[in-house]
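Student: Could you put together the complete structure from these sequences and hints?
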Amino acid sequence: MINLAARDVLHGWGKFLFTGIGLGLLIGTTLTMAGVFRGMVDDGQVLIDNSGADLWVVQQGTLGPYAEPSSLRDDTWRSIAGMPGVADTGNAAYLTIQLAHAGKESRVMIVGMDADRPGRPGAPPYLIAGRPIQQHHYEAIADERAGLRVGERVKIRRHDYTVVGLTRRMVSSSGDPMIFVPLKDAQEIQFLKDNDALINERARTAANPAFNRPGVPGLLEAAQASATQARSVNAVLVRLEPGANPDSVAGEIRRWKRLTAYTKAQMEDILIAKLIATSSKQIGMFLVILAIVTAAIIAFIIYTMTMAKVREIAVLKLIGARNRTIAAMIMQQAIALGLIGFLVGRVAAGLWGPAFPKYVLLLPGDAIAGFGVVMAISGLASLFAIRAALAIDPAEAIGG
Amino acid sequence: MKSFTRRNLILAAFAAAFLVAFGWIIATQGPLAPISVTMAKAAEMRLERTLFGIGTLEARRGHAVGPTVAGRLDKVLVDHGDKVQAGQLLAEMEPVDLDARLAAGAAAAAAASQRVHSAAAALAEAESRARLAKNSAERYADLRRRNFFSQEAADAKAHEAAAALAAKQAATAALAAAKEDARRAQSELAGTGKSRAHLRLTSPVDGIVSARLAEPGSTVVAGQAVVQVIEPDALWFKVRIDQGRSSGLAVGLPATIALRSAPGKTPPGRVARVDLVGDAVTEERIAYVALDAPPENLAIGELAEVTLQLPPIDKALAIPAAALTRQGNTMGVWKLVDDRAQFAAVTPGVSSAQGQVQILSGLAAGETVLVYSSKALAPDARVKVVDSLVKQPQK
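Residue numbers (the working numbering), protein chains in the order written: chain A, 1 to 400; chain B, 1 to 395.
Everything labelled a hint here was simulated from the structure, so no lab data went into it. Careful: at least some of the hints might be erroneous.
Computed beta-carbon distance windows for the label pairs [claimed, not checked]:
no.: 1; chain 1: A; residue 1: R78; chain 2: B; residue 2: A211; range: 49 to 59 Å
no.: 2; chain 1: A; residue 1: K264; chain 2: B; residue 2: L11; range: 47 to 57 Å
no.: 3; chain 1: A; residue 1: R158; chain 2: B; residue 2: A293; range: 26 to 36 Å
Within a straight-line C-alpha distance of at most 30 Å, the following computed DSSO-like cross-link-like pairs (lysine-lysine) qualify [unchecked claim]:
no.: 4; chain 1: B; residue 1: K375; chain 2: A; residue 2: K281
no.: 5; chain 1: A; residue 1: K358; chain 2: A; residue 2: K264
no.: 6; chain 1: B; residue 1: K194; chain 2: A; residue 2: K358
no.: 7; chain 1: B; residue 1: K41; chain 2: B; residue 2: K335
no.: 8; chain 1: A; residue 1: K155; chain 2: B; residue 2: K75
no.: 9; chain 1: A; residue 1: K264; chain 2: B; residue 2: K83
no.: 10; chain 1: B; residue 1: K194; chain 2: B; residue 2: K83
no.: 11; chain 1: B; residue 1: K238; chain 2: A; residue 2: K155
no.: 12; chain 1: A; residue 1: K104; chain 2: B; residue 2: K375
no.: 13; chain 1: B; residue 1: K375; chain 2: A; residue 2: K264
no.: 14; chain 1: B; residue 1: K265; chain 2: A; residue 2: K104
no.: 15; chain 1: A; residue 1: K155; chain 2: B; residue 2: K384
no.: 16; chain 1: B; residue 1: K335; chain 2: B; residue 2: K391
no.: 17; chain 1: B; residue 1: K375; chain 2: A; residue 2: K274
no.: 18; chain 1: B; residue 1: K375; chain 2: B; residue 2: K391
no.: 19; chain 1: B; residue 1: K384; chain 2: A; residue 2: K358
no.: 20; chain 1: A; residue 1: K193; chain 2: B; residue 2: K194
no.: 21; chain 1: B; residue 1: K335; chain 2: A; residue 2: K193
no.: 22; chain 1: B; residue 1: K41; chain 2: B; residue 2: K375
no.: 23; chain 1: B; residue 1: K375; chain 2: A; residue 2: K155
Where a beta carbon is used, it is the ideal one built from N, C-alpha and C, also for glycine.
Tutor: So this is what it looks like as structure tokens:
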């Protein structure tokens, strides 16, 4: 028995194929949108995972360091390092800046980390080129998306930094590539003012009679020296001993150190449920609408494709084809169209996904779910078409 | 039918190519793809070790020249940048009444010296009198023995002689007192002169004036610097080195110094001093590095990047530092076992400036380790070995 669907498709295969490809591009857009949404969540997730911390200790009462500003003295780690259950600590300073390099501007997150020995919390866990930071000044490790190469020198505020290593997927919660620098440099970048501001501040201090009294030489100098110190960090990252309970250690830090501590689960909640909540909902909403539109278009295409064949179906009926044969033809065509659409869509999403400026994460689960949905919609849409086809009067084959 | 077959073939080829593309995308992208890694062999090598610090140029000895008592500044004779010699007058304080007191002291000393002369003359007279009275008394006593005079007359002469002797002794004492008085006046004069000289601020060394901190007419307190003098041939860099990377810091280590004002040049130097007391707040140690041949026109306070050369380790089993990683709280490396990543704990030693790290135990020479990876490795992760993970050739 010949396959009616295949014969019909081959009859007008160009039209069928291009319809399928067009549909595929639409499905690809939907899949990409899902990928953008997943990528957004993943940005938050990798930020947490790559920091290598089990606890984040921040200024009391803040949601820092990613969601809110938080400021701690950089010797706070000393008292935390001695607490039971704490294996290692690392100071961290975060600052998002606009980096101008080689004539181009890009947004990057500067991460200050303790670089005195390997494996401190806050250091990038893996590299794709170069070496880890060895000096405690003026060396940097950049995410590859920052567009820097190993050996290049990049100017950040006052100083030139040598890029010694590259890493991948080290991004801030908003997807900006990270540049890791030694902590003291990051403190300087973050807290030290520019020269004009420093000079103005010195003049203001000098004009203040409380700091510039006659007969007390040295007072002014002392006051000015104390004003230009950069002694803060944004968070202390804590790694726990194996078997230590994060909640109880965090509780101890909150209770006795008068600081706020977040566990990994809490930090995920802050980043994913609070920080990117609105923008991810925005994307999610768009994704829902796009999915509905895609479904509607698939249904319309299959319906109109069937309706375009009214005369042929009428002829089939006239020559005595069974309803089942006609229904199978329409159903098979719809499924085939859906399949082509999905495959084209997945390939298209896979091809243009990496070109996006932010991370697009195409999960296999999403693809499988998308496949199921496309197939279901195709099948469902074909039911309407079948119903319409079966209602066709065989007389139409000969009628006007 | 023939055209159908050809069309079928084309379509089949198209479908096949498409499925291959689909399969390629699934296999190479997304979470199903193996992790790309690069490998390196652990090898015995020479490890050049360095320490790195940021230094500011300081004068080894800065002399803050100022008065020892409060007063008003009369004149400042030198300015910033002037070369001065040891003992050269730099500035002078207003003497107030010291000059008048000096004149009074000189006059008092002169008067005292005159009084010494007067006392000496009085002594000469008293001596003469005593001599006369003694002769006279001896003569009377002789004549009395032959009974030319009464006893009374002889006693009177003896008394005169005794009195004249006492007068001579008094005159001697008066001379000594006058001399002491003259010495006191001299000392007082010298003291006043010293006080006066103290108001003259002179340079303790041959050097350069690095700061003029007060102007004539201003009142300065005791100890406040008026002029600062430094020795230009004794400049060094105060270098701050992170405690965590300071092991091996010692006097005599050779250094290269990258001055901020002279990019591209790295004049050599040497560690001249290591402070026993570090900076507990910034967690840094402080070393002083002197330039072997200081260039002209060095600016005090200039920033420099100082790299100290530690003695190299000649034979060390080393791997690229990027290969050293952490799983939980254990340091280790990833090894390739049957195309899958396996973690092996190692004990790392020192790391070199070129990005090599010494392995003390846990790895044998010739063993391969995974260096770079396209994402974080997990135990049993599927990996694919590639040459490089970045497109551009590394410099």
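Student: Which of the stated hints cannot be reconciled with the structure, identified by number in ascending sequence?
Tutor: 1, 6, 8, 9, 15, 20, 21
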